[in-house]
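Q: For reference, the chains in residue letters:
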Amino acid sequence: MLAKNPDVRISLPVVCFVWQIAMIILFGVFVRYDEESDAHWSEHKREKNITSDIENEFYYRYPSFQDVHVMIFVGFGFLMTFLKRYSFGGVGFNFLIAAFGLQWALLMQGWFHALDPADGQIKIGIENIINADFCVAGCLIAYGALLGKVSPVQLMVLTLFGIPLFAVEEYIILHVLHVRDAGGSMVIHTFGAYYGLTISWILYRPKLDQSKRLNGSGYHSDVFAMIGTLFLWMFWPSFNSAISDHGDGQHRAAINTYLALASSVLTTFAISSLSAKRGKLDMVHIQNATLAGGVAMGTAAEFMITPYGSLIVGFCCGIISTFGYLVITVSRRIQDTCGVHNLHAMPGVLGAVVGAITAATASESVYGHEGLVNTFDFKGKYAERTPATQGGFQAAGLCVALAFGIVGGAIVGFILRLPVWGDPSDDNCFDDEVYWEVPEDEESIPPILEYNSHMVGKYADRM
Amino acid sequence: MLAKNPDVRISLPVVCFVWQIAMIILFGVFVRYDEESDAHWSEHKREKNITSDIENEFYYRYPSFQDVHVMIFVGFGFLMTFLKRYSFGGVGFNFLIAAFGLQWALLMQGWFHALDPADGQIKIGIENIINADFCVAGCLIAYGALLGKVSPVQLMVLTLFGIPLFAVEEYIILHVLHVRDAGGSMVIHTFGAYYGLTISWILYRPKLDQSKRLNGSGYHSDVFAMIGTLFLWMFWPSFNSAISDHGDGQHRAAINTYLALASSVLTTFAISSLSAKRGKLDMVHIQNATLAGGVAMGTAAEFMITPYGSLIVGFCCGIISTFGYLVITVSRRIQDTCGVHNLHAMPGVLGAVVGAITAATASESVYGHEGLVNTFDFKGKYAERTPATQGGFQAAGLCVALAFGIVGGAIVGFILRLPVWGDPSDDNCFDDEVYWEVPEDEESIPPILEYNSHMVGKYADRM
Amino acid sequence: MLAKNPDVRISLPVVCFVWQIAMIILFGVFVRYDEESDAHWSEHKREKNITSDIENEFYYRYPSFQDVHVMIFVGFGFLMTFLKRYSFGGVGFNFLIAAFGLQWALLMQGWFHALDPADGQIKIGIENIINADFCVAGCLIAYGALLGKVSPVQLMVLTLFGIPLFAVEEYIILHVLHVRDAGGSMVIHTFGAYYGLTISWILYRPKLDQSKRLNGSGYHSDVFAMIGTLFLWMFWPSFNSAISDHGDGQHRAAINTYLALASSVLTTFAISSLSAKRGKLDMVHIQNATLAGGVAMGTAAEFMITPYGSLIVGFCCGIISTFGYLVITVSRRIQDTCGVHNLHAMPGVLGAVVGAITAATASESVYGHEGLVNTFDFKGKYAERTPATQGGFQAAGLCVALAFGIVGGAIVGFILRLPVWGDPSDDNCFDDEVYWEVPEDEESIPPILEYNSHMVGKYADRM
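Read top to bottom, the protein sequences are chains A, B and C. If you count the first sequence from 1, position 258 lands on 258 in UniProt numbering, and the numbers rise without skipping. If you count the second sequence from 1, position 323 lands on 323 in UniProt numbering, and the numbers rise without skipping. If you count the third sequence from 1, position 76 lands on 76 in UniProt numbering, and the numbers rise without skipping.
Okay, chain A solo, but in the shape it has when bound (with noise of 0.2 Å):
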C-alpha cells in the first residue's frame, strides 16, 4: 500500500545517538563555563568590585530565560498539535529537534560568538542557552512548515544543516553588518520561515490529497493549540527583551511587544469574522495571526518606537496576517501546513523593515546622546556611525536573512529530497500512527467492563 517506507527503526537511533556522541566529543574539547558561571566567581567577583551576587548575569536574564524556553518546547510544541490526528509528532518531533539543536547551536553560535581567544574555548553562561534557544527557534519554524510531511530523520537532517546556517547568518548580520535584532525579526523568523517554505516547495508532493481527511483540526486539538499559542503570545516580551540591554533596554522591549501582540488580537478577530459567513471566527488565525506583532516587533523592540507605534506595528500585522491565511496562496507548489509564511515570513519582513525605519530616523533628541549609543552600540569602530547609516544596515540585513533562508533551504531540501529518510508517502502524511505506537481511543472503552488483551499489551511491562 505504502510507495515509501517509512521505516525509521535503523535511521533515527543511528542519528541520535551518533550525533549525540559528537555533541559529547566537541562540547569535551570546546565548551567551558563563562567567567560567572564557574566556581572562581567568588574571585573575580572581588577583582572586579563588583559587591554583590545580584549582579551576576544570571539574575538579570534566568526569568526571561525561562519564559523563551517555554516558548520553545510548550509554545511551538502544543501550536503544532492542531492535527487531529499528528498531535504526537507535532509535540514530539519539535522536542526531539529542539533538543538537538540547544547543543549544536551552543557550538556553532560559540565558535562565532564566544570563542575565549586566550584559549581556543567557548565559555558559556545564560545569555548562550538563550540564544541557543533563538537559533532553534529558526528550526522549529522551518518544522511548521512542513508538519506531518517528513520523517523525523529528515528534521534532524533539517536541523543539523539549518543551526550552522542560522550561526552564520546571524554572525554576518549582527556582527559584520552591526545591525540590531534583539528579537529576531530578521535572524530568526526570516531566516526560519523561508528556509522552512523553501524546503517545503523542494518537497512538493503533488498527490497531497490523498490525505487530505487528515490535513484539519479535531475540537480538542484546536483546544491543545491554544496551550501554544497562548504561551507564546504571554510570553513574547520576553522573547524579544531576554537579550537586549540591561534596564531600560529590557524595559522597553518588553512593553513595545505587549502594546503590539495586543494590537494584533483585536485585528486578527476583525478580519476573521469579517471574511467568514454569518460572521464565525475560524481557530486557524486565532491561533496563529495573534501573534504576529510580536514577530514584527521583533528588530524595533527595544528601539524608541513608542508605545503607539507598537500598536500600529500589530494593528497591521494582525490584519497581513489574517489575510494570508485567507487569500494567498504564493504557489501551490508550497504546501506550508502550519502557514508559516503568513505567521513569521511576512511580520518578520514587515518587522525588519519597520526596524530600519525607526533606526534611521533614531536622534538624539529622543533618545539622548547616551541612549542613542547604548541602544545601537555606536562604540569602538561604530563610534561614526549614523542612524541613517544604520537604517541603511538594517536593509541589509534583512537581504542576508532572505539570502541565507532561500539558499540554504535549497540546498537542504534537495538533500531532503534523497530517498533515503524514510517519509511517508503521500496517502499517508499528517497520520500519527506511522511514526508513533498510538493508542486506540478512549471513546471506544465498552462503558460495561470488558476484557481488552490487545489494547493495553504494551503497557503490561509497566506492571
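Bear in mind the hints are in silico, worked out from the structure with no lab data behind them. Warning: the hint list may mix true and false statements.
When chains are identical, the list treats them as one kind, so a pair holds in a single copy or across two.
Under the rule of at most 25 Å between Cα atoms (straight-line distance), these lysine to aspartate or glutamate pairs were calculated in the DMTMM-like manner [as the list claims (entries may be wrong)]: (1) Lys381 - Glu43; (2) Lys277 - Glu433; (3) Lys280 - Asp427; (4) Lys45 - Glu55.
In this text, all values refer to a predicted model and were calculated from it rather than measured experimentally.
For chain A, the structure is supplied; the task is to place chains B and C on it using the hints.
A: Chains B and C alone, transformed into the frame defined by chain A:
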C-alpha cells in the same frame, strides 16, 4: 429556528477596528515611556546616584508580571473551557477582551494614576502593565457569570464600560480613601463579580433550560479547565505580591497567599466529598473553590496577618465557596455560568473584611514603627492616620467596590439588552457553533482511510 | 460487585478537616515570618548595612520558586493524566496531597532546619517554601507508583508519614553527614521512589489484571501528559538551582541541568525507536525517560562537572531509563503504574553516584580555593574535610536515602493494608468513576439538539 440573529459579521469587525484605531490615536496623544523604560534612563540613573541596572523597576516586578499575565490569559481562559462545547468561546473571547481591555486600562488607569503633570502625558512602565492586567481581570470575572450566553460584541461593550468603572472605583478606593488592597479583594474581585452578576441578572433568560444539554462539562474539557485552575492557583502568590512594596512586602504577600491557597484545597475536597453520594468529588468544586483562598487574601496579603492567620482565611473560604456551589442560589434570575458568586464575590467580600480587621488591629509592636508606616503608607497627608481609622476606611472601600459593581452592572446590563448585539437565542447558548467554525470531531474519522472532502475544505488554503 | 467498599464520604472529609485544623494550631504555635519577610525588615536592613531592597532573598529565589511550584502542581499533576480514564485522579489527588504536604513540610522541615533557638519558633521565608515544595515532590513520586490503585485517604496517610520521613532523612543527609544534594537525587528522588515502590510491593494486587482494560493511555490523555512532561523538563534547571548558592552556584546548576536534559531526549528517542517494530516511538518513553537527565543531575548540578560531563550523565540516563520501561521488571509484585523505578529510582541512584565521584575528584585547581570552600561548604566544623572524604559521605547519604525509603515504605505499606481506607477493588482500579463524578462524554451529545435532563442535573445549581 433562531429567534435571535447571532450574526456578528459586521458588528464584531467594526467594534474591533474602531476601538483599536481609537486606542492608537489616544496612545499617540497621551502615552509615553516612563523614566525607567525610556532611553534617557542611563542619564537619569546617574543623576539619582543609582549604582546598578538591577535597580531598574523591571527586575523587581517583571517575573511577577509574567505570572500575572499567565493567570489572565491561560488561567482565566482555560478555567472557562470546562463546558463541553464552549471551549473555543471560553478561551477565545477571554483572549479578545483581555487584549482590548489592557490597552484601554493603560489609558484609563493612566489618566487617574500615572499622569505626568509636567506634560499631561501618561508615563508607562512595568507597574502600569501589571495594573492593566489587574484591571482586565475585573472584566474577565464578569465574563465568567455570562459565559455562553452573550455575543463577543456584548463582551467588548462590557469591557468598554467595565474598564473605566474599574479605574474610577480603584482611584476612589486606593487614592481618595487611601485604602490598601494589593491583590484586589475589593477592587478586582468584589467589583468584577458584582458587575458580572448584575449584568447576568438583567440579561435573565427564562428559557435557558432549552440549552441545558450543553450546560455541563465533558471529561476532556474538565481536564482542560484544570490547566486554568492550576495556573491561577500556582501564580496567585505573584498576583497578590506583584505591586506590593519592594522587599519584605512582596515577600510576605507571596507567603501568605501560598498558605491560604493550600488551606482552601483541603476544605474544598472535604466539603465536596461530604456532599455527594459515596463521597465522590465534583470537578466543579475542585476547579473553583480551591482558589477562594487566593481571592480572600487579596487585601491582607501584605499585612502581618501571620502564617496561621492565612491558613484560617483559606480554611474558611474553601468551605464557604464550596457550599456556594452546592446550595446557594442567590436568585434564580442570576444565571451564573461559572459560579463567580462563589469564587469571587463571597471570598472577595470576606477578604475585604479580613483586611479591614487586620488593618484595624495593626500595631507598632507587631510591625515596628517603620514597618507600620511602610505597610500602610502612613506618609504625607496620611501621616496621622491610625490603624483603627485605617480599618474603617478599608470597610468603606468595600462599599465603594460593591456600589460600583452593582450600579455599573445595572447600567451596562440595560445597554446589553438592546437587541443589536447578536447574542444567541435561548436554545443556542453554550455552543461554539454559533460564533466559531467548529471542526467535525476527530472521532468521526473512519479508521479505514476514506476521502472526505467536506471536512477539510476550510483548510485547503493552508496548502 | 465490588469486594471492597471505596466509599470515602466520611473518611476523606474527616482526614482533610482534622489535619487542616491541626496545621492551623501547629502554625499558630510554631510558625512566624523570618527576618526578610517580616515588617521589621527595613530596620534589619539598616542594621546590616544592606543598601538595596533587591538584596532581599525574595529576588534571588522567587522566580525559581514559581518554576518549582509549576513542576509540583502542573508537572507532576499532568504527567499523571496519561491513563485514559484516570486523569481526574491523576491531577486532582496530586493537587490534594501537595497542598496538604507543603504545610506539613513547613512544620517538619522547620523543626529540623529553621528553628530559631531564641524563641523556639520556625521562621519561614522563600527558601522554606521552596524546600516544602521539594519535600512534597518525594510523596508525589511515591504516588506515581500507586496511581490508580489507592484511595485519596491512603494518599493522605502516605503523605502524613512521608513528610516526616523525608524531613528526618534530609536532616541526616544534609546536616549530620554534611552532604551536598542541591536538586535532591538522593533526598528527593531516591527516597521518594523507593518509598513508593516498597508501598506498592506491600499493596500487591494479584488480580490487578481485572482492571487491565483501563491501565493504558488514550490519544488525548497522552497529549495532556506531555504538558506535564514538558513543564517538568523545562523547569528542571530551576529545580536543581533553586536553593543552590547565590551567584555562580545557581548559574552553573541551571546550565548543567539544561544540558543533561537535552542529552536525555536524544537517547530516549533512540532507544524507543530501536525497540519497536518499524521504529515506532512510544509515548511512555518520551513522557518519562526524557526527564531522567534532570533527576540524575540533582546532586552534581552545582559542581564543576563541566558541560560535557552533564551531557554524558544525560546520555546514560536516557538509555537506562528507557531500557527500564522496556525490559526491567524488578518484581512482578511491584505494580509500578508510572514507572517511577525507571524515572526516579535508577536515575536518582546514578545521580548520587555521579555526585559522589564528582565531589571526590574536586580540586582547588578546578574550583579555586574559595570556590571549593563555597561549593562544598567546607566551613566551620567542616573546614578540614577533603573532597575525597566528602565523596565518601556523599555515598553514605545515598544509603541513608535508600534505607529511609525502603524501611519507611514498608511500615507505611503495612498501615495502608488495613481494610479501612476505602481503596478500590482489583477490577475497579484506574477508573475515575470510583472517586469522582464523571460527566458523560461530549461525544455522546446528539448533533440534533435533544433534551437531556440527566446529564446536566449536577450543574443545575450553577445557574
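Q: Can you name, in rising order, the numbers of the hints this structure does not satisfy?
A: none
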